[in-house]
Amino acid sequence: KTRQLIRRIHDEDGISVVMSTHYMPEAEMLCDRIAFLRHGSIVALDTPQNLKRHLKLGERICITYQGEADISALQGQPGVLGLKAENGRMEIAVDRGEESLDGIIKLFSGAKITDIEIKEPDLEDVFIELAR
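The sequence shown begins at 25 in my numbering and counts up one residue at a time.
Hints should not be assumed to be uniformly reliable.
Derived DSSO-like pairs: lysine-lysine, alpha-carbon spacing no greater than 27 angstroms straight-line [to be verified]: (1) K143 with K108; (2) K143 with K80; (3) K143 with K130; (4) K76 with K108; (5) K143 with K76; (6) K130 with K108; (7) K80 with K130; (8) K108 with K80; (9) K136 with K108.
Since the hints were made in silico from the structure, they are not lab data.
Using the sequences and the hints given, assemble the complete structure.
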């Protein structure tokens, strides 16, 4: 009910609401603009969409597989921003403007892919990046 009240006050009454939260899904749902603070200073202030876009976090491609994958070849691919691999699951951060999913999938030719999930960056990713 609190979220509904905040949304109504903003939408219907045109009143700006300042709130503080560590729960990023709530911030993304309720806020038009978000400020991230570190040690009392604003380190980022923008819309949720622009915060995600400007940090160039890229999309995350999560691949679950059985067998062998050429991890070393992935690290040198254009557009690959980072990767984590463990226990038959790999998470690859990519700039889709530079890297195609096709090129990544080809590097798994010696493996059986059991699942692929593409995730857009969220505010939790922004928070983690800014906290570094």
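Each hint tested on the structure:
Taking the CA atoms of K143 and K108, the gap is near 14 angstroms; set against the 27 angstroms cutoff, the hint holds. Restraint check for K143 and K80: satisfied, since their Cα atoms lie roughly 14 angstroms apart, inside the 27 angstroms limit. Of the pairs offered as hints, the one joining K143 and K130 holds, with about 20 angstroms between alpha carbons and a cut-off of 27 angstroms not exceeded. With a C-alpha separation of about 20 angstroms, the suggested pair K76 and K108 falls inside the 27 angstroms cut-off, and the hint holds.
Taking the CA atoms of K143 and K76, the gap is near 12 angstroms; set against the 27 angstroms cutoff, the hint holds. Pair hint K130 plus K108 holds up; C-alpha atoms about 18 angstroms apart against a cutoff of 27 angstroms. Between K80 and K130, the direct Cα distance comes to roughly 24 angstroms. Compliance with the 27 angstroms bound is thereby established for this hinted pair. Distance hint between K108 and K80 is fulfilled; the C-alpha atoms sit about 17 angstroms from each other, no more than 27 angstroms.
For a cut-off of 27 angstroms, the pair hint linking K136 to K108 stands: about 18 angstroms separates their Cα positions.
In summary, this structure violates none of the numbered hints.
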